[in-house]
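Undergrad: Using the sequences plus the hints, can you model the full thing?
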Amino acid sequence: MSISPIAQNTRNQSWWVEHLNEIGLLIALFVLVAVFSQTAPNFLSDRNLINILRSAAYVGIVAFPMTFVIIAGEIDISVGPAVAFAGVAFAQLVSAFAIPIPLALLLVCAFGALLGGVSGWLKVRYAVPTFISTLALWSALRGGALWWSDALPVIVPSREFRAVLGGDFLGLPTVVWLMLATFVLFSYLAILSRYGRHIYALGANAAAVAALGINSARLRISIMASTGIFAALVGVLIDARLGSGNANAATGLEFDVIAAVIVGGTLLTGGHGRMTGTLLGVLVIAVLANGLVLNGVDPDVQQVVRGGVILLAVLVNAALAKRAHGATGK
Amino acid sequence: MSRQSENSTLLEMRDIAVSFGAVRALDGVSFSLKAGEVLGLMGDNGAGKSTMVKTIAGNLTPTSGSIHLSGQPTIFNGPSDARAAGIEVVYQDLALCNNLSAAENVFLGREIMHRIAGIPVAVNGREMRDRAARLFEELQSDTRANQMVNSMSGGQRQAVAIARTRLNKSRIVLLDEPTAAISVRQVEQVLKLIKRLQEQGVAVVLISHRMPDVFSVADRIVVLRRGTKVADVMTAKTSPEEVTGLITGAVERVGV
Ligand SMILES: Nc1ncnc2c1ncn2[C@@H]1O[C@H](COP(=O)(O)OP(=O)(O)OP(=O)(O)O)[C@@H](O)[C@H]1O
Ligand SMILES: [Mg+2]
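Protein chains in written order, with the working numbering: chain A, 1 to 330; chain R, 1 to 256.
I should point out that these hints are in silico values taken from the structure, not numbers from a laboratory.
In this text the structure is predicted, and so the values were computed from the model without any measurement.
Ideal Cβ placement from N, Cα and C applies to all residues, glycine included.
One thing to keep in mind: the hints can contain errors.
Unchecked claim - Label pairs and their in silico Cβ distance ranges:
{"no.": "1", "chain 1": "A", "residue 1": "23", "chain 2": "R", "residue 2": "126", "range": "23 to 33 Å"}
{"no.": "2", "chain 1": "A", "residue 1": "181", "chain 2": "R", "residue 2": "65", "range": "19 to 29 Å"}
{"no.": "3", "chain 1": "A", "residue 1": "23", "chain 2": "R", "residue 2": "46", "range": "32 to 42 Å"}
{"no.": "4", "chain 1": "A", "residue 1": "308", "chain 2": "R", "residue 2": "118", "range": "46 to 56 Å"}
TA: If you want it as structure tokens, here you go:
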């Protein structure tokens, strides 16, 4: 079995050329781990490794649907505020409205789907770029979260909730298992489903997809809804960890998510990307952030280093894409 | 050739008119098409060729006139109706996806799935590759099923677009300027493809501005000028010079 629908059919190129990006990320991951394990004594402790995985999980759960969004030629920059808003909304529904936890979870995910779906619909109906509609959401959702919570933590009054969704399962945090489940789900969609095939096609040639009688409006709306759903899920998971909904949660999460997808080799121009690349991108970014903290690097300098790493990855990807897909990367 | 279906009229367009507001793109055009026949549809820019193709393909509803398939009056409410009736179109921009392979493009929107208890669970890449490979073989094209479209020549891309029309064994294939943007050698390939279709009993409507292409494959030539038919002649009974005159208006009418 090959790893992607693209690789599977590129018999004229070697598997190695097609997967240079993932191989490079794997090497980068090993180098980072090797360096940090020397420079920070606690880096390889179980506790720290679990911390890395947990922070990777919050990013990863949104990064896999985001990979599809970017493959389809769209973007969703509202995921950070969407996480915060869902966290506050969930806590309010449970505490102030006494709605049962499963129902509250369903409601915030449905609301996330609705907002994402509206961005998709605005693109389909009025050609509003998703960058613009999600920029509006980015502002509105953070503001909404602050307003609805008075900028104070909203306590979720349930011990079981914290224990189950915020706790561990078989030795790993529950969120890590959920990230793996999301990875498996989106890998299946990307490699084996008809839906995924159409998403790749949409990102490359939307006119062709429409001419062949494929419902491209449904593709676009559903894919934008997916980041909304998974961002809402992460909002609830953060509530479970903290025991409360916080309007300032997940600040800058959109940056980490999009960076992970791009570092993972997905092209912003649409049509190309793989879930395995995103998984590695998520891990590289989480390890890097953690290692910089453990090494006592000044927080401002951390930002500069992360920015530099992303720039480097984009340059490398552009060069690789040129080799793998021809001059334009298309 | 003595295939009996070749005598039967497959498609008949009767007195077709199409207007876009004040513009009369087609003004009462009639012609017929037999199985296994290649019809060259010619005319100057804006003469109404693409409008005719879109009408046959169900993309446009004629303002007046009727369409008869195997003698039956037919109304298409959209491209999928026409496709269900065995009519396929290859548009000039081809509608291919560069990031997918030849086989994936051929089956785009009609993917073959592995099924468990009737429920589609996964795309059947091998089956699609095999069937695409067989289609390319039938068309005698050197296109490989797992080749990526972005590494293909213009002729191979045409083969992918034409292979698509063979999926549900269409009876009529409409080609809108398939040789406009490709090299001389690739033109040869495409003309060969058209002959393959013809041998399989498919009726082909070829739109082209290139005189030699039309004369080498078409059995019959219809010329449109400003939305009306000014010629309907067997290729053997006319010449490139005469057709050029018909297109420009230097020759008034032939065979109508
Ligand atoms: N959607 C439309 N709306 C308005 N007018 C149209 C439309 N489509 C075609 N026309 C007009 O109808 C006439 C015939 O156009 P058509 O595209 O059929 O020409 P053609 O013979 O295919 O020309 P070409 O060789 O340039 O492709 C032209 O005057 C064109 O401007
Ligand atoms: Mg035209």
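Undergrad: Taking the beta carbons of residue 23 of chain A and residue 126 of chain R, is their distance inside 23 to 33 Å?
TA: holds (26 Å)
Undergrad: Taking 19 to 29 Å as the stated bounds, is the beta-carbon spacing between residue 181 of chain A and residue 65 of chain R within them?
TA: This hint is violated: roughly 58 Å between Cβ atoms.
Undergrad: For residue 23 of chain A and residue 46 of chain R, compare the CB-CB distance with the range 32 to 42 Å and indicate the outcome.
TA: violated (54 Å)
Undergrad: Is the hinted range of 46 to 56 Å satisfied by the C-beta distance from residue 308 of chain A to residue 118 of chain R?
TA: holds (53 Å)
When the structure is compared with the earlier hints, violations turn up for hints 2, 3 and for no others.
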